[in-house]
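Colleague: Sequence:
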Amino acid sequence: MKQIITFIGLLMILTSCANESTDVNKNYYDFNCTIGGEMKADSATLYAVEPDYGSIRILGTKALKDKSVSFSGETNRALPAFLKFNNDKEPYFFVLEDGNISMNISYVRKDSVVCYKIFQLQGGIYNNSYFSYLRQRHNIMNAKKAIWQKYKKIAADSAMTDSIEKKLFARHKLLTDSLQNLTVKKIKAGDPVGNIILTRFGNTINKEFIKKNN
Numbered sequence: 000m001k002q003i004i005t006f007i008g009l010l011m012i013l014t015s016c017a018n019e020s021t022d023v024n025k026n027y028y029d030f031n032c033t034i035g036g037e038m039k040a041d042s043a044t045l046y047a048v049e050p051d052y053g054s055i056r057i058l059g060t061k062a063l064k065d066k067s068v069s070f071s072g073e074t075n076r077a078l079p080a081f082l083k084f085n086n087d088k089e090p091y092f093f094v095l096e097d098g099n100i101s102m103n104i105s106y107v108r109k110d111s112v113v114c115y116k117i118f119q120l121q122g123g124i125y126n127n128s129y130f131s132y133l134r135q136r137h138n139i140m141n142a143k144k145a146i147w148q149k150y151k152k153i154a155a156d157s158a159m160t161d162s163i164e165k166k167l168f169a170r171h172k173l174l175t176d177s178l179q180n181l182t183v184k185k186i187k188a189g190d191p192v193g194n195i196i197l198t199r200f201g202n203t204i205n206k207e208f209i210k211k212n213n
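Heads up: the sequence shown at position 121 corresponds to 120 in numbering that gives the first Met the number 0, and the numbers run straight through without jumps.
Source of the hints: derived by calculation from the structure; they are not laboratory data.
Certain hints may be false.
Claimed, not checked - Pairs of lysine-lysine, DSS-like flavour, derived with a Cα cap of 25 Å:
id, residue 1, residue 2
1, Lys165, Lys151
2, Lys165, Lys144
3, Lys61, Lys116
4, Lys143, Lys166
5, Lys187, Lys206
6, Lys184, Lys206
Claimed, not checked - Now the in silico label distances, taken between C-beta atoms and shown as ranges:
id, residue 1, residue 2, range
7, Lys25, Lys88, 31 to 41 Å
8, Met140, Ala188, 32 to 42 Å
9, Ser71, Glu49, 12 to 22 Å
10, Lys165, Asn138, 17 to 27 Å
11, Ala188, Lys25, 18 to 28 Å
Backbone N, C-alpha and C fix where the C-beta goes; we use that ideal spot for every residue, glycine too.
Work the whole structure out from these sequences, hints included.
Modeller: Listed below in structure tokens is the structure:
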């Protein structure tokens, strides 16, 4: 009898360990998205991307309440995902990973025209990495626009010289290469963030740049 009890006890321990090892591979997420007053939507659909198979799964559709929508569940690993609103074709990407994830989206309008969009994302190592990339990209793109505006102003004032033109072009190229470098590095990581960046910005990478840096 003692041997049977010991065997049952051992079996329970092994079963418990097996369940724990399985749970280690699970990602339990709680995702919440809030939209600003300028945005209008009745419902939102959450999609998960399976990079290995190139497939997209619908995880659910929910109605917004007080301009907010929440989803919770589990995945077998951290996955690229995106949210789409019923009246908006644009996908809002993020990573479904362990823990609480929050997204905030709003528009800034001027004379009934959308000037720019405010997008904020928090929660998880991958999402922090992705949002950091978006901030860096935004800053570089703004710097490039500033150089172009400066170039046009100097040209319009007939004050352009070869020296000034070369400096502006050199600065613009430096920023372009910096962004290309950052994007390629992120994509090469091969993680969920890299998959999202490849999907969104892969077509912005210059083929010649890739050849020089491989």
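Colleague: Could you run down the list of hints and mark each one as holding or not?
Modeller: Here is what the structure says about each hint:
1. Taking the CA atoms of Lys165 and Lys151, the gap is about 14 Å. The hint holds against a cut of 25 Å.
2. For the proposed pair Lys165 and Lys144, the alpha carbon gap of about 17 Å is at most 25 Å, so the pair holds.
3. For the given pair, Lys61 sits about 23 Å from Lys116 by alpha-carbon distance, which is consistent with the 25 Å threshold.
4. The suggested pairing of Lys143 with Lys166 holds, with an alpha-carbon distance near 13 Å, which does not exceed 25 Å.
5. With a CA separation close to 15 Å, the supplied pair Lys187 and Lys206 stays within the 25 Å bound.
6. At roughly 15 Å between alpha-carbon atoms, Lys184 and Lys206 fall within 25 Å of each other, so this suggested pair holds.
7. About 32 Å separates the C-beta atoms of Lys25 and Lys88, a value consistent with the hinted range of 31 to 41 Å.
8. A hinted range of 32 to 42 Å is violated for the C-beta pair Met140 and Ala188, which are about 21 Å apart.
9. Hint check: Ser71 to Glu49, Cβ distance near 20 Å, so the stated range 12 to 22 Å holds.
10. Hint check: Lys165 to Asn138, Cβ distance near 24 Å, so the stated range 17 to 27 Å holds.
11. Checked against the hint of 18 to 28 Å, the pair Ala188 and Lys25 passes, with Cβ atoms roughly 23 Å apart.
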